[in-house]
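There are 4 protein chains.
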Amino acid sequence: MIVVMKGGCTKEEINTVVCRIEEYGLKAHVSQGVEHTIIGILGQIFPELQDRMELLPGVEEVIPISKPYKLASREFHPQNTVVTINDITIGGDEIVVMAGPCAVETEEQLLTTALAVKASGANILRGGAFKPSTSPYHFRGLGEEGLKLLAKVREETGMPVITEVMTPKDVELVAGYADILQIGARNMQNFILLDEVGKTNKPVMLKRGLSATIQEWLLAAEYILAQGNDQVILCERGIRTFETHTRYTMDVSAIPAIKKVSHLPIIADPSHATGKWYLVTPVALAAIAAGADGLMVEVHPNPDLALKDGAQSLTFDNFGKLMSQLTPIAQATGRKLAVSGIKASP
Amino acid sequence: MIVVMKGGCTKEEINTVVCRIEEYGLKAHVSQGVEHTIIGILGQIFPELQDRMELLPGVEEVIPISKPYKLASREFHPQNTVVTINDITIGGDEIVVMAGPCAVETEEQLLTTALAVKASGANILRGGAFKPSTSPYHFRGLGEEGLKLLAKVREETGMPVITEVMTPKDVELVAGYADILQIGARNMQNFILLDEVGKTNKPVMLKRGLSATIQEWLLAAEYILAQGNDQVILCERGIRTFETHTRYTMDVSAIPAIKKVSHLPIIADPSHATGKWYLVTPVALAAIAAGADGLMVEVHPNPDLALKDGAQSLTFDNFGKLMSQLTPIAQATGRKLAVSGIKASP
Amino acid sequence: MIVVMKGGCTKEEINTVVCRIEEYGLKAHVSQGVEHTIIGILGQIFPELQDRMELLPGVEEVIPISKPYKLASREFHPQNTVVTINDITIGGDEIVVMAGPCAVETEEQLLTTALAVKASGANILRGGAFKPSTSPYHFRGLGEEGLKLLAKVREETGMPVITEVMTPKDVELVAGYADILQIGARNMQNFILLDEVGKTNKPVMLKRGLSATIQEWLLAAEYILAQGNDQVILCERGIRTFETHTRYTMDVSAIPAIKKVSHLPIIADPSHATGKWYLVTPVALAAIAAGADGLMVEVHPNPDLALKDGAQSLTFDNFGKLMSQLTPIAQATGRKLAVSGIKASP
Amino acid sequence: MIVVMKGGCTKEEINTVVCRIEEYGLKAHVSQGVEHTIIGILGQIFPELQDRMELLPGVEEVIPISKPYKLASREFHPQNTVVTINDITIGGDEIVVMAGPCAVETEEQLLTTALAVKASGANILRGGAFKPSTSPYHFRGLGEEGLKLLAKVREETGMPVITEVMTPKDVELVAGYADILQIGARNMQNFILLDEVGKTNKPVMLKRGLSATIQEWLLAAEYILAQGNDQVILCERGIRTFETHTRYTMDVSAIPAIKKVSHLPIIADPSHATGKWYLVTPVALAAIAAGADGLMVEVHPNPDLALKDGAQSLTFDNFGKLMSQLTPIAQATGRKLAVSGIKASP
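Chains as they are written, first to last, in the numbering used here: chain A, 3 to 348; chain B, 3 to 348; chain C, 3 to 348; chain D, 3 to 348.
Hints were generated in silico from the structure; no laboratory data involved. Hints are not guaranteed to be accurate.
To be verified - Below, computed lysine-lysine pairings styled on DSS-like, alpha-carbon distance capped at 27 Å:
hint: 1; chain 1: A; residue 1: Lys323; chain 2: B; residue 2: Lys8
hint: 2; chain 1: D; residue 1: Lys171; chain 2: D; residue 2: Lys204
hint: 3; chain 1: D; residue 1: Lys323; chain 2: D; residue 2: Lys278
hint: 4; chain 1: D; residue 1: Lys29; chain 2: A; residue 2: Lys29
hint: 5; chain 1: B; residue 1: Lys29; chain 2: C; residue 2: Lys13
hint: 6; chain 1: C; residue 1: Lys72; chain 2: A; residue 2: Lys278
hint: 7; chain 1: D; residue 1: Lys69; chain 2: D; residue 2: Lys29
Based on the sequences and whatever the hints tell you, model everything.
Given below as structure tokens:
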């Protein structure tokens with residue numbers, strides 16, 4: 003941590019800063035610049051230090067040097083984390099595709115969708131039983147009934163299941179059915195929920211918050227990792243910007259940026275990012291080309307009758323086309339689509 | 003709801019849209035423009051309709067006309083909602099000031115702060131017992147111990163207490179101690195928490211999410227109102243923008259904008275919005291001049307030793323100055339500072 | 003254009019709106035909804051109409067239906083525009099790569115770079131002679147001297163040249179040297195400059211403004227097209243968002259979105275979008291996978307000695323690697339890299 | 003400037019950085035931290051240094067310490083700049099109000115508006131002769147004809163005139179008519195225009211760019227100051243954010259933030275910031291309460307017939323109400339409205 007003193011600060015002010023640093027058992031390292039005196043702080047920095055230093059007289063600015071996350075950082079954990087679900091790996095050489103309806107509606111809807119996406123090469127079945135919704139008057143999901151349908155369709159198709167958990171009290175329930183627990187974008191900083199899923203032994207997919215910086219996102223992952231659960235998958239799903247033509251803005255640069263600073267796998271959700279079905283495929287291909295470890299895509303038998311997010315759902319046909327365009331892109335990046343979901347047919 | 007057809011759409015496509023509308027028991031009203039055919043939908047619109055219409059062939063765009071919130075809208079409830087806590091009113095003629103430390107640390111810290119802010123004219127004591135924190139390694143609050151200290155200091159000072167509840171399971175606990183339940187910005191779309199506080203009989207202060215639109219904010223309020231709790235106070239606390247000079251950007255226009263479309267009281271939190279103590283007072287004055295019903299301000303006996311958010315906390319002295327500048331501003335807008343907190347001295 | 007009346011508006015207010023519409027020689031089409039009366043306006047809408055209608059008593063909102071741009075829209079011009087420079091086409095089957103230094107510094111720097119990028123497969127040489135710079139104290143380019151060096155190196159390598167023009171008075175000068183005129187992001191709404199390049203017969207590459215919506219971008223293109231110059235290439239170069247990890251946020255969804263609503267070719271600039279050389283290649287690949295017609299990439303013989311934007315410049319080696327990864331991605335999307343620049347060797 | 007080395011960097015890498023610094027005639031100051039080695043650079047930093055250091059092997063990050071602007075900074079120029087136009091001062095004790103139509107349309111429109119706003123207490127007449135417009139099909143102003151009308155109405159009312167100059171070649175022309183030159187938001191980084199107005203002896207009002215940071219804004223001011231023109235007034239006019247309820251988001255915190263870091267006067271434009279006439283007054287009052295030195299407000303005799311920006315224009319009546327609410331707010335902040343415009347009546 004570095005303390006930058008104001009232009010005309012006094013010797014006394016510098017001394018006060020140095021004394022305060024030493025009171026905390028840290029070392030101060032003063033360096034006289036042309037315009038500014040700079041004081042480096044050496045030792046085990048504690049979180050409140052920055053605020054405290056900023057308020058001392060004569061201080062212009064305090065600049066943290068170390069990243070605030072550890073367990074999520076590549077510095078701490080140089081090799082890639084690979085999450086394994088049955089015979090599927092996420093974060094290794096394979097590209098994994100999670101597909102299915104936004105919300106579980108009926109057994110028939112779920113089963114036909116699962117069979118269709120599996121036939122096209124999807125590996126993991128997605129489907130919401132508990133659905134966050136901007137309005138209290140919209141469909142909020144089937145709840146446990148939906149979880150049971152997911153389990154049943156997993157039985158029939160052999161596909162592992164990912165589904166969202168929205169609140170701490172449901173973690174045990176959802177973990178009883180799901181193969182991967184999903185934390186939605188609006189819950190990325192629901193810290194108690196993060197603690198709770200961190201205590202399970204299930205992989206957790208953590209969506210990026212609507213306006214979360216990369217650092218805040220990794221700090222949210224750190225909550226889960228700090229509880230001992232190291233099976234965390236990140237999911238870039240678009241950030242909120244001034245542009246309203248698309249529902250959100252897919253931050254495609256975040257994919258290689260995360261790969262640089264963290265060891266965690268990262269997948270992309272082009273359905274929520276764009277909000278428009280005809281943008282899903284190009285943006286999905288872009289994410290893989292940028293190095294994403296997989297995709298999460300919304301597919302519905304009849305998007306124009308869906309209870310939720312129809313406008314961004316692919317038909318079976320369009321999903322098939324996406325998968326066939328995905329194969330050469332994956333190869334072009336030196337990777338291949340995971341095939342396990344397909345082999346393990348019922 | 004209005005369906006805009008594409009430039010060269012066919013008669014058949016128009017017919018399909020009209021039929022689909024009528025299948026839902028709604029009326030379609032076709033109107034041939036120079037460039038586009040437009041189809042108005044009359045009747046009781048349901049939430050999924052927009053998505054469904056957008057996917058029909060020949061449709062360019064679907065435009066909703068009615069606002070998605072009802073109970074929170076001024077159209078539905080023309081007169082201002084006034085929330086009453088003891089003899090303090092929020093949303094009427096009085097300007098109410100909530101002040102206190104970011105986090106409850108010790109009884110002494112809380113009591114001296116309460117006495118100091120009360121002496122300067124604050125009406126309600128703020129203080130966090132459960133603290134959301136971006137990093138798992140930062141101070142997360144004293145928990146129930148903090149709630150007990152709040153209750154004790156309320157006893158000693160006569161000041162009602164506002165404190166945050168972070169998760170559904172704590173709602174009953176926190177409601178047992180607090181006079182106002184606070185929902186933090188990161189929980190604005192924690193829908194299950196909103197349901198839960200909506201079931202209590204305590205006033206709820208709902209902070210705006212970091213990147214929530216005014217409409218999403220009012221829909222979050224709608225969740226609480228829909229459960230039967232009509233004592234909702236909104237709190238503008240800054241939104242996330244590209245500007246990093248301040249911690250967030252205080253959206254001062256949101257204050258009169260909310261007043262126009264909603265009947266709910268709205269207060270401002272200049273401490274979180276700016277993140278810098280020396281910006282708190284000018285931004286507080288601005289919020290009141292723009293029509294806010296009150297303020298929430300962080301005050302600490304020793305900001306440079308605070309366990310949380312020291313950089314944005316006012317000293318007792320600076321808070322006193324804020325209050326003395328606030329009085330003439332309130333008068334200039336035809337309002338006056340609430341005085342109840344002061345009279346009820348211990 | 004649609005006028006939405008307020009919930010409880012009077013018949014008189016509706017009549018006033020209808021009369022005003024008819025005074026303008028337009029037709030009004032009234033439609034009574036459950037909550038709102040809606041008035042469609044039929045006829046040749048003029049730009050000020052929306053503002054004027056919004057101010058009439060009883061009006062809640064005015065919603066434009068037609069897009070405000072014509073010449074840039076795919077509706078008006080369904081087939082793709084293909085811009086031709088010598089034997090290179092932009093907007094057709096080929097992927098074109100523009101590469102070179104951010105700023106022209108010396109003949110040697112420019113020539114070695116041109117030869118290196120050409121050897122790796124680049125088609126067009128980029129290099130700034132007039133450089134916009136956030137600070138008045140930074141390098142602002144060699145001016146006409148730089149243009150002369152560009153022309154000389156074009157002579158020696160056979161590569162067409164793209165370079166920026168910053169102000170109307172320089173248009174003629176720059177057009178005398180350049181094969182493509184570049185309009186920088188900060189000048190996207192320099193309307194007089196847009197008029198001026200619209201009057202030349204040179205292709206114009208129009209970068210997206212830092213916070214320009216897709217619609218504003220196409221309206222800026224419309225300025226150029228409206229002057230009779232139909233050789234416009236769009237360039238997505240990242241938008242400004244809250245995320246500061248990258249310099250800007252590459253809006254990869256804008257690429258297929260532009261393809262949907264416009265016929266103009268679009269290329270991507272991953273160097274400016276990311277600001278970090280190690281993110282350039284993955285983001286470049288993503289842009290091509292999303293359907294971009296080409297790339298603009300900054301390359302420098304010694305990025306750590308560059309006079310401008312060294313941190314985002316690729317070395318010759320890294321550019322070579324980018325090109326070799328690009329080939330299979332282009333193939334995977336059914337396209338191929340343009341080869342003309344390579345054949346036309348000096 | 004501080005160079006932060008990577009966690010496991012080698013001694014050789016540190017040496018290379020130190021050598022490179024010394025090659026530039028600067029001093030390096032190495033400091034070994036727990037996790038990172040930090041190298042301070044002492045001496046006269048040049049602009050390209052940051053980029054160059056970032057690219058050296060083993061370097062994690064380079065952090066600039068000094069602000070990139072000098073002439074605009076309060077550190078360099080501690081006392082407030084006060085701009086004087088006739089007997090009006092901007093940046094001192096007085097609050098100055100600039101009012102008038104968005105665009106000059108006719109002599110009658112301009113004169114009646116000038117007389118009305120003057121009668122209500124406005125000091126300076128605003129009116130656009132050259133108008134930037136998002137669409138090429140909208141009204142772009144009367145040009146020199148408009149300037150002549152402004153001069154004529156100045157003659158008749160005694161009000162100084164502020165009007166926009168959009169392009170370098172018009173600077174001389176506009177400076178021949180105007181008392182203050184206005185640089186619009188979209189031209190904030192039109193660097194050649196900034197150079198040009200910097201060479202005149204007229205005060206310049208520099209609007210903040212739509213997505214300009216405070217630092218970029220001050221650097222734009224630095225361009226003008228660096229040419230020798232020290233009469234610069236800043237104007238906060240709203241920034242672009244995700245919120246679409248208002249046209250832009252008035253960044254009210256920027257007002258005290260600018261006062262802290264710069265000596266330049268700052269005024270606010272609530273008309274463009276909000277885009278809605280009924281939000282103009284509360285936001286204007288907020289800006290003054292936050293410490294702004296004045297306002298720029300759009301007023302039109304018949305907003306519903308305005309050729310430009312009618313929706314955000316005040317009627318004469320509403321402007322009168324704004325002014326009467328402004329007086330006590332100004333007093334509450336220890337200031338008073340400038341009265342010169344009123345005394346100098348024709």
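Comparing the hints with the structure gives:
For a cut-off of 27 Å, the pair hint linking Lys323 (chain A) to Lys8 (chain B) stands: about 25 Å separates their Cα positions. In summary, the hint linking Lys171 (chain D) to Lys204 (chain D) is supported, as the alpha carbons are separated by about 16 Å, within the 27 Å threshold. For the given pair, Lys323 (chain D) sits about 16 Å from Lys278 (chain D) by alpha-carbon distance, which is consistent with the 27 Å threshold. Between the alpha carbons of Lys29 (chain D) and Lys29 (chain A) the distance comes to roughly 22 Å, so the proposed pair stays at or under 27 Å and holds.
Note on Lys29 (chain B) and Lys13 (chain C): the hinted pairing holds, with a Cα-Cα distance of about 22 Å set against a maximum of 27 Å. For the hint linking Lys72 (chain C) to Lys278 (chain A), the alpha-carbon distance of about 23 Å falls within 27 Å, and the restraint holds. Between Lys69 (chain D) and Lys29 (chain D) the alpha-carbon distance is near 19 Å, which keeps this suggested pair within the 27 Å criterion.
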